[in-house]
Amino acid sequence: MFNIERWQEIFDTISKNKLRTFLTGLSVASGIFILVILLAIGQGMENGIGQQFEDDAATRISVWTGVTAESYKGLNPGRRIQMDNEDYTRAEQKNIDQLEYKSGVYSVWGQLATYGKESGSYRVEGVKGDYQFLENETIVAGRYINESDLANNEKVAILGNRVYLDLFKGQNAIGEYIEISKIKYKVVGVYTDPGGEREETRIFIPLTTAQRVYAAGNNLRSMVFTLEKQEKFEDALAASEAFSASLESDLKQRHTVSPTDERAININNTLENAKRFYDLIAMIRGFFWGVGICTIIAGVVGVSNIMLIIVKERTKEIGIRKAIGAQPLSIIGMILHESIFVTAIAGFLGLIFSLILLELVGPLIESDYLLNPSVDFGVAITTVIILIIAGALAGFIPARRAANIKPIVALRDE
Amino acid sequence: MIEIKDLNKSYHMGSNSLHVLKGIDFSVKEGEMVSIMGSSGSGKSTFLNILGMLDEADSGSYTLDGKPIKNLNEKVAAKYRNQFLGFIFQSFNLINYKSALDNVAMPLYYQGVKRAERMEKALHYLEKVGLAQWATHLPNELSGGQKQRVAIARALASDPKVLLADEPTGALDTQTSYEVMELIQNINDEGKTILLVTHEDDIAHMTKRIVNLKDGLIIDDSNVTQVRASVAKNKHLQSKQTSNV
Chain Y
1 MFNIERWQEI FDTISKNKLR TFLTGLSVAS GIFILVILLA IGQGMENGIG
51 QQFEDDAATR ISVWTGVTAE SYKGLNPGRR IQMDNEDYTR AEQKNIDQLE
101 YKSGVYSVWG QLATYGKESG SYRVEGVKGD YQFLENETIV AGRYINESDL
151 ANNEKVAILG NRVYLDLFKG QNAIGEYIEI SKIKYKVVGV YTDPGGEREE
201 TRIFIPLTTA QRVYAAGNNL RSMVFTLEKQ EKFEDALAAS EAFSASLESD
251 LKQRHTVSPT DERAININNT LENAKRFYDL IAMIRGFFWG VGICTIIAGV
301 VGVSNIMLII VKERTKEIGI RKAIGAQPLS IIGMILHESI FVTAIAGFLG
351 LIFSLILLEL VGPLIESDYL LNPSVDFGVA ITTVIILIIA GALAGFIPAR
401 RAANIKPIVA LRDE
Chain U
1 MIEIKDLNKS YHMGSNSLHV LKGIDFSVKE GEMVSIMGSS GSGKSTFLNI
51 LGMLDEADSG SYTLDGKPIK NLNEKVAAKY RNQFLGFIFQ SFNLINYKSA
101 LDNVAMPLYY QGVKRAERME KALHYLEKVG LAQWATHLPN ELSGGQKQRV
151 AIARALASDP KVLLADEPTG ALDTQTSYEV MELIQNINDE GKTILLVTHE
201 DDIAHMTKRI VNLKDGLIID DSNVTQVRAS VAKNKHLQSK QTSNV
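Taken in order, these protein sequences are the chains called Y and U. Everything in the first sequence is counted per full-length UniProt numbering, starting at 1 for the first residue and increasing by one. Everything in the second sequence is counted per full-length UniProt numbering, starting at 1 for the first residue and increasing by one.
Take the hints with a grain of salt, since some may be wrong.
[What the hints assert, rightly or not] Computed spacing ranges between beta-carbons, pair by pair:
id, chain 1, residue 1, chain 2, residue 2, range
1, U, Lys-235, Y, Asp-12, 41 to 47 Å
2, U, Ser-222, Y, Val-409, 31 to 37 Å
3, Y, Leu-329, U, Gly-41, 32 to 38 Å
[To be verified] Not close to chain U: a few residues of chain Y, all C-beta gaps over 10 Å, as computed:
id, residue
4, Ile-4
5, Glu-5
6, Leu-26
7, Arg-80
8, Glu-86
9, Ser-148
10, Arg-162
11, Lys-186
12, Gly-217
13, Gly-302
14, Thr-315
15, Gly-325
16, Tyr-369
17, Phe-377
Simulated from the structure, these hints should not be mistaken for laboratory data. This structure is a prediction, so every number in the text was calculated from the model and none was measured. Just so you know, even glycine gets a beta-carbon here, dropped at the ideal spot from N, CA and C.
The task is simple: from the sequences and hints, build the whole structure.
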């Protein structure tokens, strides 16, 4: 396969047809170029979105209840399901090993809060101390709710930064008393939330206090958990899904809800959402591969076409070669060799250009959804293999045609 | 050397079939120089193609140097062509992007001869046809006669048993034709078997035996007294000079 003679022949034919070879090569080069760029963008999207989820470290699972959609065990649909402290305690005890943070929540909307002459309508949530971490809140003054607040039903309040600015206009709030629905609470802390203003127009009070003040008894509006961190995304996802599933079935059993009812118990699993994103990326990636491969196929068809023309043009030469003793295999080798050579060189050029572009432009991209687009070594190797196969495919039909040329026909072809 | 019995060949074009060779018996001994003559359509080129294993007969037997030539696959046919036969064509059929030397070396390449040896041998044969100083020239830098000499050198390079020449002088003027025939005669003098297709009487008489083909049959096969091409050449030169005067 690798002798000087054949290389000479390839260079001879290429140098005789520079423009044609260049144009053919261009189609293959751009095919590889597009494939690599698309794959890099796919990788960049994965990097970007992966980073988003890392920021939140969100293994958060929240549960809230609604109205049953199906009749079950003689009970009519349309029943309102109400969670209570018992549900929370069971969930906590069953999964005590893997829970990181947990809190039951009792929240009420549109509560009028006043301090002196200032007042506003806010959401009031009764929560436990862990809720600070579940919501990713940062205390900027004072403290958060603690165990003794809960144990003693203390009337203390933690204000969102927006609430604080509304009521106190930037003055000291810690130790001051505000009135919420005619009941006085002592302000013990102020927090900020990365979620922004919407998340900061809330007032937190101890869960036990909220249940008592709003005459909720043991009722809970929702429960929120996070699971212990895992090294691998897959493990975390599996644990999180298992936890969601068992929580759902426990709740359904206790509240006599049909296992197939999808409206009574609602579970929002952040990791599952993340997985959806990753699945989406995988799909986009698959699509990019598809587009890239199609582009390469177009290039391959181009090369194949050119090789057919070359074979046609060289019919007589091939006939002469056969007349003086060339074996069919050596003719096939000659055409395949040239085809693989042209695709490989063009493809490598495309690969190198795309890598250079990624190297130069990649770090400049600043977007939430695109981070450091790049291809790894495995992908580069894959494209190289694709190239060689593509070259062989492109040369196959022309080579077979060349091998089938009858010398007598070729020599008559004047 | 060549033994042929009851050779038949017909071509099919759509529903028409053309019976080109209608049972030819023919044999050639080693060292002979035979010309095959006939008008166009007599089947002489088809006959030569079958002899050259470029085409296959429908029926009949063909033995070349003791080997039966029948139902050969491409690979074996290529090998036999390379070992046994050297071709000389009317239109030279040189590969025009290769130098004269590379053209001559090509059969050796397909024999698997190493490059250095190949080049040395090729140069030797170029010398033999008197074109050593043209070794690096491309075919389109050579005259018709020179091209045919290169083709002859190429045909000789693989040291074949038989040389097959299809109208070797068809594209050349009389003067050059005689020069090329002189070369071919010299090769025959060294013992090489040569078969030559021509429709020119004077060329045919430079061989030792003339076979006449008509409508796919041999109508005449007789030995002739060979006219030396060198003599004919001189005569031709003189007649040209006298006509110029």
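Here is how each hint holds up against the structure:
| no. | hint | in the structure |
| --- | --- | --- |
| 1 | U/Lys-235 to Y/Asp-12: 41 to 47 Å | holds, 44 Å |
| 2 | U/Ser-222 to Y/Val-409: 31 to 37 Å | holds, 34 Å |
| 3 | Y/Leu-329 to U/Gly-41: 32 to 38 Å | holds, 37 Å |
| 4 | Ile-4 | violated, 7 Å |
| 5 | Glu-5 | violated, 6 Å |
| 6 | Leu-26 | holds, 24 Å |
| 7 | Arg-80 | holds, 85 Å |
| 8 | Glu-86 | holds, 87 Å |
| 9 | Ser-148 | holds, 96 Å |
| 10 | Arg-162 | holds, 82 Å |
| 11 | Lys-186 | holds, 98 Å |
| 12 | Gly-217 | holds, 95 Å |
| 13 | Gly-302 | holds, 24 Å |
| 14 | Thr-315 | holds, 12 Å |
| 15 | Gly-325 | violated, 3 Å |
| 16 | Tyr-369 | holds, 55 Å |
| 17 | Phe-377 | holds, 39 Å |
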